[in-house]
Amino acid sequence: MATPHLPRPPHWATRLLHGFCADHLVEEMEGDLEELFHQRVQIMGEKQARIRYVLDVLSLIRLFVLKQKVTEYSLLPNSIMLRNYAMIAFRNLVRQKGYAFINIAGLAVGMTVAMLIGLWVYDELSFNQYHQNYNHIARVMNQVTDEQELHTGNSLQYPLAIELKNAYGDQFTHLLKASWTQSYILSHGDAKVSKIGIYIEDGAPEMLTLKMLRGTWAGLRDPHAIMLSESTAKALFGDKEPLNQFVKINASIDVKVTGVYEDLPQNTEFHEIQFFAPFDLWVSMNDWIEKRAVNDWNNHFLRVYAQIKPNTSFEKVSNTIKDTELNKIKDLEGLQEQVAHHPQIFLHPMSQWHLYGSFEKGLPEKGPIQMVWLVGIIGGFVLLLACINFMNLSTARSEKRAREVGIRKTLGSLREQLISQFLGESYLVVLFAFCLSLLLTQLSLPWFNLIANKDMHMLWANPWFWLTSVVFIGLTGLLAGSYPALYLSSFHPVKVLKGTLHIGRSASTPRRLLVVLQFTVSVTLIICTIVVYQQIQFAKNRPVGYDRKGLITMEMKSSDFYGKYDLLRTALQKTGVVTEMSESMGKVTEVASGNGGFSWKGQTQNKDKDFGTLTVTPEHGKTVGWQFVAGRDFSRELASDSSGMVINEAAARYMGLKNPVGELVSWTWSQSQKIKQYRILGVIKDMVMDSPYEPIKPTLFYIQGFNGSVSWINIRLNPRVSTSQALSKIEAVFKKLIPTAPFDYQFVDQDYAKKFAEEERIGKLASVFALLAIFISCLGLFGLASFVAEQRTKEIGIRKVLGATILNIWQLLSKDFVLLITLSFVISTPIAWYFLNNWLQTYEYRTHISWWIFAVTGAGALVITLLTVSFQSIKVALMNPVKSLRNE
Amino acid sequence: MKGTYLGEFEEVVLLAVAIRSGDAYGAAVTSEIEQQMGRSVNLGAVHSALHRLEEKGLVNSQMGGATAERGGRRKRLYSVTIAGKRALEEIHQLRNQMWESIPKTAWS
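Order-wise, the sequence lines are chains A and B.
Residue 0 is where the first sequence starts when you use numbering that gives the first Met the number 0, and the numbers rise one by one after that.
Residue 0 is where the second sequence starts when you use numbering that gives the first Met the number 0, and the numbers rise one by one after that.
A hint or two may mislead.
Quick list of the computed label-pair ranges, beta carbon to beta carbon [claimed, not checked]:
1. 47/A to 18/B: 21 to 31 Å
2. 105/B to 83/A: 48 to 58 Å
3. 53/B to 83/A: 44 to 54 Å
Derived from the structure by calculation, the hints contain no laboratory data.
All C-beta atoms in this analysis are idealised placements derived from N, C-alpha and C, irrespective of residue type, glycine included.
Only chain A is shown next, with the shape it has when bound in the complex (with noise of 0.2 Å):
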């Protein structure tokens, strides 16, 4: 037995030495080295024989995993035929590198954009799976008819969700009060962040199945309790450990923190959500709930989330509920109107919150899912276009190998032998394109992320994403292998080999189909391309009616913020930076509030319904630059403009007001039954507020109304100050007058530039792959250009002989491809039309499609094809005769 002071070999490489070493060999080797390991010893120390006994060891691996190799191969019947195969394969790629190019490049392409968006579509619909419950979570919707109109709400009444809880609690794990989402400050010492938030009840966490950090679910029972995002605890806490710290909310009340939890991914409704705080809470900070709220059926304002019991289906429990306002109302006073508009309940799963968020006339929108459709099929077609390349070329280089073929029946090759090889060959090009088409997603994913606004992964473990690649490889193998496998192997040895085999014209013709095919769907994509980007450009030139440039807009986040406007007005106008400020209700990128209940001369019934109905301080209008048609802006020297009102020219035109300044108009406040009088002071041309697509809201601003106060500043910076200067001393200004919230500002431009960024996208997505269509289309004419050229060589060198010049021989070429190219021009003009037409109709402000985009589309596909035909069929028209005819 060894003692302790016995040197030792390395145990490791032993073990290595036995994880591929045959077992009767095992003993001599192992024998041999511990001989030699304890002789070195003496000679040369024991740390030089470990060095060598590990080189022993691999010097023995290497040679029994070549031993290995050499039993392998003789294993497998036929080795010597299959290494054949193998043999031509790579032979027949090598020597035709430019089509083995062309043929490989392109499928990889085709695969990858079909990946990228394979991986598109399931993000899409994968959405929200990150919650364990996802089959069982929902949240309580509402809908009611007003004038035959379904309306689709998730704003509930507090009293309708007490009422849920009692009647039907048993249906449900969870049923959870949430408020709405909403950002707030977050600080912690100096540390101050400005992040959305919820606040919920405390079964969140684990209806949410949030993955904690720090603490447990249970941390919401604590009415001062938070549970913050990882990266929001990052943000307030740096390293230090957040769990029964202190965080101030809006700079009035502490809370402490009772969990950390992992970040939602992207593809999750509530990944926005930064942190969670308890429902009561937030009902203690908004005293207007206890007092007005509670009991109060007409007060919209709650989320109701749902968790159902597992024994029991949506369906179910919406019909169950479905009539708990109704049957609680009917017999309440005053609710009568609420009862005529038959509120009904259900519930929402979580499954369709994403793709079929959004109602219209009590049916979800289709907009979201039409769009995974639309990108799911321009994947599709991208991949079509790869296969028929693939096909194009195969079939067009195998009649190449006929004499092969003659060869090997001859020698006994049998038909299914025959058949074996080219499929195999096929799908040993088809299984190098897709190894390349995978490192190619991995290297896009990146920059595809960026564009779709997305976070997405490859999914390296995902069972189906393996087995859509392992169809598809064998879809595709099989049919660009299958022309080839079976029409070659069907030859007759004797006439290929006396070469009297001829190949009619009507081998080519399904060839011509499929780049007809081909070229349809790259023109449509190129066409929709434009036709977006024109649209987009479109609504970008729209007259915007007020002055985005150097106007810069922040959120009155607390209440610290109120009361102070001539103070910091006055403040900010003395640092020379700020040229003008105002407060209005709501951005000015949006209409933050609409109302009904005015009256005016002239007014014809029923027109008295949404207005866009806006509170602004006197000097709004200087500060974001609105125009005048008519009349005059609010002055602060007239007491009498309290009660002053300026409207939009949309709002004029709505009116029916031929001359509307000095005109009268009352607002009946239907929640009291107040009315106050307004005299219409100007008249402004309209502002695109909300989405350019839509027609401007008719919208009334003043200085004190019903509906509420202003909420967001707006600051005009002094246009011969640098930006960045400026903004450092309204900065300081802000620190000053509102030490506790952060300075946390937009620059209204960009603001604007942000509702065109789902169209842009849209637009750069479509570009891309149209472009990579008509790439790999144009891959695919070139191989074919070339294939047709190589054929017929023979003939133009005749030709040439007898008289015929360049421009002859290259007409000739080219004419065939320009056919096809003019025949999928006209297919597909009606078809990008048609569904073009249908696209713009979903916008009110919209492009017409004008004939030149058809014409441009027809000329560049048209000069695409002639450049990529021209440089085979010129250099075939130059090649000298003698050469070309010398041969055979």
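We have chain A already, so just place chain B on it with the hints.
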């Protein structure tokens, strides 16, 4: 006779087997070569050479008895066959013949 062509290292290994005649196994051959030639040799290289020599029929082998110095493990003993002996002799003769053909003037 292409089959009996001997590489330089194979020749060295074959010689070592002959030297350690009766007790020629992997480790013994390796240390013999290291001592004689004064250079370090990989065990794997020696074994692969022994395998090739056996395939060519220049050596044959059998499992020997267990010994204490190897932790009770058995060893494979190699011995030079008639063909191996002839191959060595041929090489020796060839070298001698070539030595003798060198003209005296070559060294002056």
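Tested hints:
no.	hint	verdict
1	47/A to 18/B: 21 to 31 Å	holds (25 Å)
2	105/B to 83/A: 48 to 58 Å	holds (52 Å)
3	53/B to 83/A: 44 to 54 Å	violated (31 Å)
When each numbered hint is compared with the structure, a violation occurs for hint 3 only.
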